[in-house]
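Undergrad: Spelled out from the first residue to the last, the chains are:
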Amino acid sequence: MKKTMLGLLGMAALLGASSQAAAFCGFYVAKADTGLFNESSQVVYVRDESRNVVTMASDFKGDMKDFALVVPVPTVLQREQINVANNATLKHLDDYSAPRLVEYFDEDPCAPTMDMAMPAPAMMEAAPMRGQQRATELGVKIEAQYTVAEYDILLLSAKESGGLITWLTEQGYKLPPGAEPVVGSYLKQNMKFFVAKVNLQEYSKSGFTRLRPIQIAYNNDRFMLPIRLGTVNAQGKQELFVYALTRKGRVETTNYRTVKLPSDLDVPEYIKGKDEFASFYRDMFRTAVDKENGKAVFLEYAWDMNWCDPCAADPLSDKELRELGVFWVGADGGAQPQTRGIMPPGQGRDVYVTRLHVRYDRANFPEDLMFQATGDRENFQGRYIIRHPFKGEATCDAGKQYFRELPKRQGKVAETLARLTNRDVNGIRTKMGLGQGGSAGNSSGGGSSGGGDDDWWNSMWGQPVK
Amino acid sequence: MCAIFAQFLRLAKGVDPRYYQLAVQCSLLLVGTLTLQFTVPWWNIAAVLATALLTQWGFLRWYGLPLQTLSALNTSFSIIILLYAAHWGWLALAAAISIASKFLIRIQGRHVFNPSNIGIVAVLLATDSAWVAHGKWGHALWLGLLLAGFGLVWLLGWRQMLTSLAFLAAYAGLLAGRALWLGDPWAIPLHQLQNGALLIFTFFMLSDPMTTPQSTAGRLLFGVWVAVLGWTLQFRLFIPNAFLYALAASSPLVLLINGRFAGAPFHWPVRSQT
Chain A
1 MKKTMLGLLG MAALLGASSQ AAAFCGFYVA KADTGLFNES SQVVYVRDES
51 RNVVTMASDF KGDMKDFALV VPVPTVLQRE QINVANNATL KHLDDYSAPR
101 LVEYFDEDPC APTMDMAMPA PAMMEAAPMR GQQRATELGV KIEAQYTVAE
151 YDILLLSAKE SGGLITWLTE QGYKLPPGAE PVVGSYLKQN MKFFVAKVNL
201 QEYSKSGFTR LRPIQIAYNN DRFMLPIRLG TVNAQGKQEL FVYALTRKGR
251 VETTNYRTVK LPSDLDVPEY IKGKDEFASF YRDMFRTAVD KENGKAVFLE
301 YAWDMNWCDP CAADPLSDKE LRELGVFWVG ADGGAQPQTR GIMPPGQGRD
351 VYVTRLHVRY DRANFPEDLM FQATGDRENF QGRYIIRHPF KGEATCDAGK
401 QYFRELPKRQ GKVAETLARL TNRDVNGIRT KMGLGQGGSA GNSSGGGSSG
451 GGDDDWWNSM WGQPVK
Chain B
1 MCAIFAQFLR LAKGVDPRYY QLAVQCSLLL VGTLTLQFTV PWWNIAAVLA
51 TALLTQWGFL RWYGLPLQTL SALNTSFSII ILLYAAHWGW LALAAAISIA
101 SKFLIRIQGR HVFNPSNIGI VAVLLATDSA WVAHGKWGHA LWLGLLLAGF
151 GLVWLLGWRQ MLTSLAFLAA YAGLLAGRAL WLGDPWAIPL HQLQNGALLI
201 FTFFMLSDPM TTPQSTAGRL LFGVWVAVLG WTLQFRLFIP NAFLYALAAS
251 SPLVLLINGR FAGAPFHWPV RSQT
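As they're listed, the protein sequences go chains A and B. Residues 1 to 466 (UniProt numbering) make up the first sequence, in order. Residues 1 to 274 (UniProt numbering) make up the second sequence, in order.
These are calculated hints, taken from the structure and not from any lab test. Honestly, I wouldn't trust all of these hints.
Pair ranges (Cβ atoms, derived) [to be verified]:
1. A/Gly178 with B/Leu190: 16 to 26 Å
2. B/Pro185 with A/Gln201: 36 to 46 Å
3. B/Phe235 with A/Asn219: 13 to 23 Å
4. A/Ser279 with B/Val40: 32 to 42 Å
5. A/Pro177 with B/Met210: 47 to 57 Å
6. B/Leu22 with A/Pro177: 36 to 46 Å
Over the 12 Å line for every Cβ pair with chain A, so calculated as not near, a few chain B residues [claimed, not checked]:
7. Tyr63
8. Thr69
9. Gly144
10. Ala169
11. Ala172
12. Met210
13. Ile239
14. Gly259
For each residue, glycine too, the CB sits at the ideal point set by N, CA and C.
Please construct the entire structure, taking both the sequences and the accompanying hints into account.
TA: Below, the structure is given as structure tokens:
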């Protein structure tokens, strides 16, 4: 039997796969850990009124013949309703909305001037069928079949889940135990199944080294992503990123809490080091998930697509947005690249992006994700700040004060990081070059040492009397 | 914990239940702000309270009635904890519509619509800039909300709260029936029932004795009807905020139900005077 990776995504996606199935929106058959969040799925969900365009991507790295995607969809899709997008476009959206590390350099305290924020590197990555007769026997109807780019696609309906499961199994899709009632539930809700696998001939002709995201467009009142198929295996938690693009404003889940990630917080300088930010972010996200008992959806970014500040990547062009399904912009096909940096909002495109990150499992996310677009256009981004201390000489009163208070500030940064990531505060202090008890390792410029809140007397009399 | 709550209820017995409702509403706002990341700016609260109280004062003065503020406060806090808007003006409009509806939309001496319900629904229909954040309550508060809801049952009596109880029972039955039909695990209907917004609606909006039927049979019928309509809007037509719309659309039926099932009109036990 062909290996099947089974990915289930909202529209009810299921990936067919090897001896075990992996959910589209999250769980992946184990592969080498290369991304920030391995085995993750990404979905771009464009929604306006009852129009939906959903782009589904996963970091599948296995043998292409093992790939399969099974997604419940609300209707039989026509060929024109199915497309593929470029990985680069999705990567651009990921980069644009990724949580970011920024850094500031403390000015000479004796010559105070304006602060300028400089973006540090953002955390880029969140890292023709046979058997028609047999299908009929099993009560399965092949409603349509297409070859779209490198994918062979089937749209299936069925009288009952058992027949559909049997047929899929016979066709080489190994669905996980426990999938049948979930498939049955979707069928009773009049949903069809969208099944895609790789057409190896077309794939080799395409010249791509990675599978491209599959896109579907349809009319439906339900603003939802089916995730239940992805949880039937119960092999741990799934990782899903949803980029919602709407005209209105921020998107949130209506049947689960949507929680803002901790943001705008100072972190130590060493977080800029290689892999440190990724490690910090993973730990912080895990801590945030634990704090919510694994039951929340996290908001990582909410912004008007016209601008950004600071920009981890430029806003997407009209051409890229249209490729992702934002049908109401740039009908003339103009590219209109945006300028990096602070731009005034409210100009041009009416596109608001919401980036949601959810780590889900069957116990905590029994239902599919239901969404609504709100009227909230307030900006939010995951932003973490490094403030580099002033390294020069500063002998004026303000300078002395600055160096007296610096260890205390750094001590607070260590405590913040410990709280956010559940790491040991003493280990953090050591990496920061601070003493265990709150004294600074160094403070050029002649400031006194002492960092914790208990050292309140340090700033009382100024420099020790000589 | 339960003993303290029971003691509180004993002390509260005899006091106007609107004080109890106000205490629960303020507690929800406080708990939400402290633990659930509610972001309710103070000017939103001020706008709703000021608009509601001013509108109430204006109409009472116009009709030459003594000033009463308790119901207006209940209405205001319902709006504050349920409705969000991009601009405080929409919240103020909801408050104004809510209070005005009590005075302007009256038939047979009774106001037709649940005040906060019609205010919220009118603003939801009028603009994309306002929304109800159903998910924001999460599912950790459900037991506390259920307890607080049954506290109101204790204070008002089960007959008076029959609309809420019938709604909850019927809605739970419909959710369970749907799960059975679909072959879904019980975790799904339970998760749907534990939604904080649903429980707040059930016990602290739908319970308004001034706008629900006067008879026991009428309340039973009305509660079940709102559940059936709300469920249909939610799961057949996929309309968000379904139970809010269901109550607004059903409120005029109370007149018909009262015509068929006679009962005594309700009056609050204490009329606050200021």
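Undergrad: Could you run down the list of hints and mark each one as holding or not?
TA: Now the hints, each set against the structure:
1. A/Gly178 with B/Leu190: 16 to 26 Å: At roughly 19 Å between Cβ atoms, leucine 190 of chain B and glycine 178 of chain A fall inside 16 to 26 Å, so the hint holds.
2. B/Pro185 with A/Gln201: 36 to 46 Å: holds (42 Å)
3. B/Phe235 with A/Asn219: 13 to 23 Å: holds (19 Å)
4. A/Ser279 with B/Val40: 32 to 42 Å: Roughly 36 Å apart at Cβ, these two residues keep to the hinted range, so it holds.
5. A/Pro177 with B/Met210: 47 to 57 Å: holds (54 Å)
6. B/Leu22 with A/Pro177: 36 to 46 Å: violated (52 Å)
7. Tyr63: Fine: 35 Å to the nearest Cβ keeps tyrosine 63 of chain B off the interface.
8. Thr69: holds (30 Å)
9. Gly144: holds (15 Å)
10. Ala169: At about 21 Å from chain A, alanine 169 of chain B clears the 12 Å cut-off, so the statement holds.
11. Ala172: The claim stands: alanine 172 of chain B keeps its Cβ more than 12 Å from every Cβ of chain A (closest is about 16 Å).
12. Met210: holds (29 Å)
13. Ile239: It is violated; isoleucine 239 of chain B is separated from chain A by about 8 Å at its closest Cβ, not greater than 12 Å.
14. Gly259: Given that every Cβ of chain A is farther than 12 Å from that of glycine 259 of chain B, nearest at about 36 Å, it holds.
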